[in-house]
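Please model the complete structure; the sequences and the hints are all you need to start from.
These protein sequence lines map, in sequence, to chains A and S. No gaps in the numbering here: position 134 of the first sequence is 133 in numbering that gives the first Met the number 0, and each next residue is one more. No gaps in the numbering here: position 209 of the second sequence is 208 in numbering that gives the first Met the number 0, and each next residue is one more.
Calculated pairs, BS3-like style, for lysine-lysine (alpha carbon to alpha carbon, straight line, at most 30 Å):
no. : chain 1 : residue 1 : chain 2 : residue 2
1   : S       : Lys79     : S       : Lys69
2   : A       : Lys51     : S       : Lys138
3   : A       : Lys51     : A       : Lys36
4   : A       : Lys62     : S       : Lys79
Per the computed footprint, the stretches of chain S lying under chain A, defined by three or more beta-carbons under 8 Å from a beta-carbon of chain A, are:
no. : stretch
5   : 43 to 55
6   : 135 to 145
7   : 150 to 164
8   : 186 to 199
Calculated from the structure, these hints are not laboratory results. For each residue, glycine too, the CB sits at the ideal point set by N, CA and C.
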Amino acid sequence: MSQSPTPLPLNEQERADLVAYLDGELTGEAAREIEAKINLDPRIRAEAESLKRAWELLDFLPKPPEPAADFTERTLERLQALQRPATHQVLGRWLLALGLWGLLLVASGVAGYQGFRWLSPREPGEKELLRDLRLIENKRYYDRIESFEFLQQLDHPDLFGDETNP
Amino acid sequence: MSATGETSTQMALRDPDIRLMLQVREDHAGAFEQLVARYQHRLVSVMNHLIGNAEEAEDLAQEVFLRVYKARKKYRPRSKFSTWLFTIANNLALNHIRSRQRKPLVPLRTTRDSGPLGARPAEQLVHDPGTGPVQRIQKDELAQRIRDALDSLNERQRMAVVLNKFEDMGYAEIAEVMELSTKAVKSLLSRARMNLRAALEGYIHMDGAPTAASSHHHDDLDEVELADEEDRP
Numbered sequence: 000m001s002q003s004p005t006p007l008p009l010n011e012q013e014r015a016d017l018v019a020y021l022d023g024e025l026t027g028e029a030a031r032e033i034e035a036k037i038n039l040d041p042r043i044r045a046e047a048e049s050l051k052r053a054w055e056l057l058d059f060l061p062k063p064p065e066p067a068a069d070f071t072e073r074t075l076e077r078l079q080a081l082q083r084p085a086t087h088q089v090l091g092r093w094l095l096a097l098g099l100w101g102l103l104l105v106a107s108g109v110a111g112y113q114g115f116r117w118l119s120p121r122e123p124g125e126k127e128l129l130r131d132l133r134l135i136e137n138k139r140y141y142d143r144i145e146s147f148e149f150l151q152q153l154d155h156p157d158l159f160g161d162e163t164n165p
Numbered sequence: 000m001s002a003t004g005e006t007s008t009q010m011a012l013r014d015p016d017i018r019l020m021l022q023v024r025e026d027h028a029g030a031f032e033q034l035v036a037r038y039q040h041r042l043v044s045v046m047n048h049l050i051g052n053a054e055e056a057e058d059l060a061q062e063v064f065l066r067v068y069k070a071r072k073k074y075r076p077r078s079k080f081s082t083w084l085f086t087i088a089n090n091l092a093l094n095h096i097r098s099r100q101r102k103p104l105v106p107l108r109t110t111r112d113s114g115p116l117g118a119r120p121a122e123q124l125v126h127d128p129g130t131g132p133v134q135r136i137q138k139d140e141l142a143q144r145i146r147d148a149l150d151s152l153n154e155r156q157r158m159a160v161v162l163n164k165f166e167d168m169g170y171a172e173i174a175e176v177m178e179l180s181t182k183a184v185k186s187l188l189s190r191a192r193m194n195l196r197a198a199l200e201g202y203i204h205m206d207g208a209p210t211a212a213s214s215h216h217h218d219d220l221d222e223v224e225l226a227d228e229e230d231r232p
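Below, the structure is given as structure tokens:
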């Protein structure tokens, strides 16, 4: 029949304190308390010793390899590679802005030209000339008439009787 | 202002690496290169301990430096530069380890008696380092067992152990790097150490006799793995 192990007189918090003590993290009263427990109880002393030894075994891990001689150089190369797309992005943004400004300039030019054409006087078209043909043909007579009222008076039937009507 | 009320100028005066990082922030020529040269050994070493693969460790260390560079304009000195650097390293390494979904290695207690010479007390292996082939094998085996024991820790325990053991960081600084409370770090390291002890049980015997604590190890291991899960933020 196997004998069940004697439970250690340490709860989780006390064990954490013990480890903290071994790590030199406890000072003053807390450290003295742990020291007293270690001195008084051989089981706690053995616990502390085994935890300490387990920690010390880590010293026997092989020293990790040093970084490669070109580590710094390669890091800077990676950095440059990262920055390159950034430069392209900036350039792209500039080109886009330039393009937009160009478009705006062309649109303004077209709008200005159309406005100028719309506002400036222009030669009458064929349709307008046909519509006003009679007026144009008789322009020299109209020029002699001083006013529109005078013309209306001439049109009065009493002035020339039936002669005006063919 | 830092938690201690120091201005960034005061901190920069005290920590030359902060001065260097501030130069990186201001795009001073050569400052970043100097920073890489200054920290590459420590960073690659920590990554090697965490990842256990030299090539990946270098890749990750480079990635850390690139992130430092990318974040340079946002850099505000609030603590030691190395703390900030290792915070980035911690996040990157943990993500990497998780993404690999690495399974824990075979429990060591099933294999600790294997090998050409069987398990030996650490005394014999460590304090009598011969140069012959047998001693060489023993040392290699011990190193492999320790490496396996470290790998068997969960990633947070491993990180805390590496920072404490190999970077000489105190609990408060580890807490800052790992973005945990000091109490949580204390608990994490306590559990890590118990797990290490359980994994290396065969190598910590004194004079061939097990220590009083070793009889509790198997139960402890299961218990601490569960408790550690509860500590996660």
